[in-house]
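**Student:** Sequence:
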Amino acid sequence: MARPDSAIRHMIQTNVETQEEMNIRTFTKWINSKLGGKEPVVKDLIKDLQDGRVLLSLLEVLLKVKLRGEKGKLKFHKINNVNTALKALEERGLKLHGISAEAIVDGNKISILGLIWIIILHFQVQGIVFEEEEDPKQSDDPSPRKKSVASQAEVERLLIKWVQDVLKGQVISNTLTFSTTLSIVVL
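Sequential numbering from 0 applies to the sequence shown in numbering that gives the first Met the number 0.
Quick caveat, the hints were computed from the structure, so don't treat them as lab data.
It is possible that part of the hints are untrue.
[As the list claims (entries may be wrong)] When the alpha-carbon atoms are kept at most 30 Å apart in a straight line, the in silico DSS-like pairs for lysine-lysine are as follows:
| # | residue 1 | residue 2 |
| --- | --- | --- |
| 1 | Lys94 | Lys63 |
| 2 | Lys94 | Lys70 |
| 3 | Lys74 | Lys33 |
| 4 | Lys42 | Lys74 |
| 5 | Lys63 | Lys160 |
| 6 | Lys74 | Lys28 |
| 7 | Lys72 | Lys94 |
| 8 | Lys74 | Lys63 |
| 9 | Lys33 | Lys65 |
| 10 | Lys108 | Lys63 |
| 11 | Lys72 | Lys28 |
| 12 | Lys37 | Lys70 |
| 13 | Lys37 | Lys74 |
| 14 | Lys86 | Lys63 |
| 15 | Lys63 | Lys33 |
| 16 | Lys37 | Lys63 |
| 17 | Lys46 | Lys74 |
| 18 | Lys42 | Lys65 |
| 19 | Lys28 | Lys46 |
| 20 | Lys70 | Lys86 |
| 21 | Lys160 | Lys28 |
| 22 | Lys86 | Lys42 |
| 23 | Lys72 | Lys42 |
| 24 | Lys63 | Lys46 |
| 25 | Lys72 | Lys108 |
[To be verified] Restraint-style ranges between C-beta atoms, simulated for each label pair:
| # | residue 1 | residue 2 | range |
| --- | --- | --- | --- |
| 26 | Phe75 | Gln18 | 30 to 36 Å |
| 27 | Glu153 | Asp43 | 30 to 36 Å |
| 28 | Lys37 | Leu157 | 27 to 33 Å |
| 29 | Gln18 | Ala152 | 16 to 22 Å |
Think of the CB as a built atom: it goes at the ideal place given N, C-alpha and C, for glycine as much as any other residue.
Build the full structure now, drawing on both the sequences and the hints.
**Tutor:** If you want it as structure tokens, here you go:
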């Protein structure tokens with residue numbers, strides 16, 4: 000007979016794996032919806048983001064800019080592509096603590112999921128909590144940069160409130176967590 004603490008550990012591990020799988024499916028659907036059928040289509044989130052090309056395509060759509068990527072298949076080319084994507088995000092005020100191009104290229108699930116999560120938080124609620132910021136380096140650029148003016152907790156609270164407002168009149172749980180809210184937003 001299994002020890003009770005062993006059963007609890009198994010239950011927790013199963014829940015963590017299920018949450019991770021749900022996040023991967025949700026993030027994959029979100030990326031594909033933003034790409035709008037444009038190549039490359041994401042099938043395996045972790046594998047497909049490793050060369051940086053999907054990230055560059057996604058950011059081109061979200062930022063409405065052309066980002067130059069490398070076509071080579073060597074690790075060096077992949078790292079350059081991811082670095083280009085990360086730099087574009089950092090230039091727009093996103094904080095990418097602990098996320099490196101090497102971790103993305105190496106297929107680190109935590110880094111990939113964290114990066115996509117940061118991108119979703121930023122772009123899903125963009126109209127609510129962003130202010131325009133002039134970029135002095137590109138004064139001839141007619142489109143102003145946008146920078147987040149809210150904390151992650153504030154963004155999460157606003158996103159939950161938005162989902163509650165959208166679902167008014169629907170039969171839903173009184174307590175929406177941020178995970179369930181994100182799943183609803185993406186679907």
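**Student:** Now tell me, hint by hint, if it's right for this structure.
**Tutor:** Now for the hints, and whether the structure bears them out:
| no. | hint | result |
| --- | --- | --- |
| 1 | Lys94 to Lys63 | holds (20 Å) |
| 2 | Lys94 to Lys70 | holds (27 Å) |
| 3 | Lys74 to Lys33 | holds (26 Å) |
| 4 | Lys42 to Lys74 | holds (21 Å) |
| 5 | Lys63 to Lys160 | holds (28 Å) |
| 6 | Lys74 to Lys28 | holds (27 Å) |
| 7 | Lys72 to Lys94 | holds (28 Å) |
| 8 | Lys74 to Lys63 | holds (27 Å) |
| 9 | Lys33 to Lys65 | holds (16 Å) |
| 10 | Lys108 to Lys63 | holds (27 Å) |
| 11 | Lys72 to Lys28 | holds (26 Å) |
| 12 | Lys37 to Lys70 | holds (17 Å) |
| 13 | Lys37 to Lys74 | holds (24 Å) |
| 14 | Lys86 to Lys63 | holds (15 Å) |
| 15 | Lys63 to Lys33 | holds (12 Å) |
| 16 | Lys37 to Lys63 | holds (14 Å) |
| 17 | Lys46 to Lys74 | holds (14 Å) |
| 18 | Lys42 to Lys65 | holds (23 Å) |
| 19 | Lys28 to Lys46 | holds (15 Å) |
| 20 | Lys70 to Lys86 | holds (18 Å) |
| 21 | Lys160 to Lys28 | holds (22 Å) |
| 22 | Lys86 to Lys42 | holds (25 Å) |
| 23 | Lys72 to Lys42 | holds (19 Å) |
| 24 | Lys63 to Lys46 | holds (25 Å) |
| 25 | Lys72 to Lys108 | holds (21 Å) |
| 26 | Phe75 to Gln18: 30 to 36 Å | holds (34 Å) |
| 27 | Glu153 to Asp43: 30 to 36 Å | holds (33 Å) |
| 28 | Lys37 to Leu157: 27 to 33 Å | holds (29 Å) |
| 29 | Gln18 to Ala152: 16 to 22 Å | holds (20 Å) |
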